[in-house]
Amino acid sequence: MLAREQSTVGQPVLPEALLGLLGRLAAAPAADPVTSALVDQAVAVLRRPGFDTLLSLPQLTFQPFDYQRETAATVLRRMRGRAILADEVGLGKTIEAGLIASELRLRGLADRTLVITPAGLVEQWRDELERKFGLPTVILSGKDPVPERRGNQPVLLASLAAGRRDPLKTRLTGVGWDLVIADEAHRLRSTRSASGKLIRALTTRFLLLLTATPVENKLQDLYEMISLVAPGLLGTPSRFRTRHAPSGGDVRSPRNLTELRARTQQVMVRHRRSEVALRLPQRLAETVLVTPDADERDMYAELADRIRVEAKEAPAGRRLALRSVARLAGSTPAAAAPTLTKLGWSDLAAAAAAITAPAKVRLLVAKLGEHVARGEKVLVFTAFRQTLDAVAASTRMAGIDAAVYHGSLPRADKERAIGAFRDDRPVLLSTESAGEGRNLQFCHVMINLDLPWNPMQIEQRLGRLHRVGQTEDVRLTNLACRGSIEERILHVLETKINMFELVVGELDMILGRIDEDFDFERAVFDAFTTSEDGDGFARSMDEIGEDLAAARTGYLADRSTVDALVGEDDA
Numbered sequence: 100m101l102a103r104e105q106s107t108v109g110q111p112v113l114p115e116a117l118l119g120l121l122g123r124l125a126a127a128p129a130a131d132p133v134t135s136a137l138v139d140q141a142v143a144v145l146r147r148p149g150f151d152t153l154l155s156l157p158q159l160t161f162q163p164f165d166y167q168r169e170t171a172a173t174v175l176r177r178m179r180g181r182a183i184l185a186d187e188v189g190l191g192k193t194i195e196a197g198l199i200a201s202e203l204r205l206r207g208l209a210d211r212t213l214v215i216t217p218a219g220l221v222e223q224w225r226d227e228l229e230r231k232f233g234l235p236t237v238i239l240s241g242k243d244p245v246p247e248r249r250g251n252q253p254v255l256l257a258s259l260a261a262g263r264r265d266p267l268k269t270r271l272t273g274v275g276w277d278l279v280i281a282d283e284a285h286r287l288r289s290t291r292s293a294s295g296k297l298i299r300a301l302t303t304r305f306l307l308l309l310t311a312t313p314v315e316n317k318l319q320d321l322y323e324m325i326s327l328v329a330p331g332l333l334g335t336p337s338r339f340r341t342r343h344a345p346s347g348g349d350v351r352s353p354r355n356l357t358e359l360r361a362r363t364q365q366v367m368v369r370h371r372r373s374e375v376a377l378r379l380p381q382r383l384a385e386t387v388l389v390t391p392d393a394d395e396r397d398m399y400a401e402l403a404d405r406i407r408v409e410a411k412e413a414p415a416g417r418r419l420a421l422r423s424v425a426r427l428a429g430s431t432p433a434a435a436a437p438t439l440t441k442l443g444w445s446d447l448a449a450a451a452a453a454i455t456a457p458a459k460v461r462l463l464v465a466k467l468g469e470h471v472a473r474g475e476k477v478l479v480f481t482a483f484r485q486t487l488d489a490v491a492a493s494t495r496m497a498g499i500d501a502a503v504y505h506g507s508l509p510r511a512d513k514e515r516a517i518g519a520f521r522d523d524r525p526v527l528l529s530t531e532s533a534g535e536g537r538n539l540q541f542c543h544v545m546i547n548l549d550l551p552w553n554p555m556q557i558e559q560r561l562g563r564l565h566r567v568g569q570t571e572d573v574r575l576t577n578l579a580c581r582g583s584i585e586e587r588i589l590h591v592l593e594t595k596i597n598m599f600e601l602v603v604g605e606l607d608m609i610l611g612r613i614d615e616d617f618d619f620e621r622a623v624f625d626a627f628t629t630s631e632d633g634d635g636f637a638r639s640m641d642e643i644g645e646d647l648a649a650a651r652t653g654y655l656a657d658r659s660t661v662d663a664l665v666g667e668d669d670a
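Converting from the sequence shown to our numbering requires adding 99 to each position, the first position being numbered 1.
There could be a bad hint or two in this list.
Said to hold, decoys possible - Only pairs whose alpha carbons sit at most 30 angstroms apart, straight line, appear in this in silico BS3-like list of lysine-lysine:
| hint | residue 1 | residue 2 |
| --- | --- | --- |
| 1 | Lys-513 | Lys-466 |
| 2 | Lys-231 | Lys-242 |
| 3 | Lys-296 | Lys-317 |
| 4 | Lys-466 | Lys-476 |
| 5 | Lys-296 | Lys-242 |
| 6 | Lys-513 | Lys-231 |
| 7 | Lys-466 | Lys-595 |
| 8 | Lys-411 | Lys-595 |
| 9 | Lys-476 | Lys-513 |
| 10 | Lys-231 | Lys-268 |
| 11 | Lys-317 | Lys-268 |
| 12 | Lys-268 | Lys-296 |
| 13 | Lys-268 | Lys-242 |
| 14 | Lys-595 | Lys-317 |
| 15 | Lys-441 | Lys-411 |
| 16 | Lys-476 | Lys-231 |
Hints were generated in silico from the structure; no laboratory data involved. Model, not experiment: these values are computed from the prediction.
Can you make the complete structure from the sequences, with help from the hints?
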């Protein structure tokens with residue numbers, strides 16, 4: 100047969116079977132283009148690996164933990180892309196959601212993806228998705244239209260505050276989504292809240308709800324969460340109450356617990372820190388109160404009095420400027436001088452500009468000298484460029500070789516600053532933008548020269564060093580002047596919620612329990628401006644502290660409740 104298929108001049112002759120196939124094809128009617136396209140799509144789907152194989156791993160800029168990869172595979176295979184990711188805080192629910200989104204997009208199953216998150220986490224989500232997963236993103240504001248469906252478009256990010264109000268709400272609910280990811284999803288449980296109504300009005304094939312506390316006060320919380328991703332799994336509300344309502348009123352002891360756990364585990368994945376053996380070094384934090392020089396003390400006291408007087412009747416814009424200058428003065432007097440001039444307080448501006456070597460900066464330089472002598476690298480944070488420039492000058496005069504990093508540097512200069520800190524220079528002086536998304540675990544000593552009024556920014560600073568990959572205990576020093584607003588903030592955060600002992604992410608869980616729109620910085624300024632003096636301010640801050648303490652207690656109780664309800668059976 101083979102001999103008959105080869106010509107005498109070496110040219111191949113088509114086999115008889117192939118000739119017959121070609122003849123039948125030629126005689127057949129022309130293929131319908133629509134049918135042909137469907138066949139091509141079906142073949143493409145069949146050629147894709149199953150979800151046992153994660154296609155996105157070679158494209159990632161990091162190495163996910165085993166439990167994170169397993170979570171993604173479980174959600175995709177067994178839960179069909181609709182699940183509650185309920186890991187304890189700090190274990191990387193964002194990573195798990197990013198893996199799931201990447202896998203769905205690579206398979207052409209999630210071209211249109213929406214992430215809804217509290218406003219304070221929008222930028223963090225954009226950074227994670229773009230830097231770690233290589234997923235392009237677009238942040239939607241209240242005025243932005245939702246792009247038309249066109250292939251694999253960027254992941255769309257929307258804050259919960261903007262998304263639950265028109266005009267953005269109408270735009271989000273007026274289209275069909277392939278995948279919706281809702282972070283801090285415990286805020287969406289209530290069917291009566293604006294946030295709860297938003298999530299229930301969205302149409303999507305795949306849905307991921309991320310929360311470390313799917314249950315808070317009552318068992319109905321769990322029912323509402325599960326019903327979002329798997330309607331009907333727990334039956335009707337009345338049947339759920341009949342089957343599982345706690346007979347003694349303790350939410351952690353429902354009836355038919357084994358049955359409830361079995362159903363819950365069909366749509367929920369939860370890991371605890373003890374289960375995944377994820378251990379971080381300790382945080383060793385100290386606060387050093389600095390006694391200001393007489394000229395600093397007098398300038399600050401006069402500024403505080405003027406702010407209190409003017410803020411009582413100031414319009415919103417002027418009030419914002421007063422809050423800004425109060426924060427600047429808490430950093431260094433020189434940092435506040437330009438703003439004081441703009442406010443029309445030229446006498447205070449002159450007094451502030453004349454203080455060129457404040458007590459706090461002198462102490463910082465002394466501490467840096469001690470660390471450098473011991474061969475330690477130190478990351479120094481300040482919120483303001485004016486302070487950064489002044490500290491850089493002071494360290495140069497002291498003979499301390501410091502790299503400088505701030506948001507206005509060109510990308511190449513930023514890279515050089517980080518490289519110099521890693522390889523040669525013992526100190527990095529930086530603003531808030533410093534090192535976001537960068538590996539700085541080669542350093543384990545940090546000094547806050549000034550203190551953000553927003554505790555989440557304090558947490559973000561610390562997260563540059565205290566993160567997976569750090570091998571040393573992280574030592575943190577907070578510097579604050581006696582009698583300053585920053586002193587009272589630190590006192591509340593340390594004594595009421597043990598802030599520097601919290602796992603990264605727990606602080607947001609605590610703040611979010613006070614009120615959905617609670618703004619710590621605004622609450623501090625309101626307490627400052629409505630009090631007559633320092634003692635009154637201290638009392639007002641203690642009241643804020645009591646709210647924080649209650650929120651922390653509630654968070655810890657809820658964490659225990661979740662473990663009781665959705666943990667593995669002892670048997």
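(message) Let me make sure I understand: some of the numbered hints might not hold for this structure. Which ones are they, in numerical order?
(response) none
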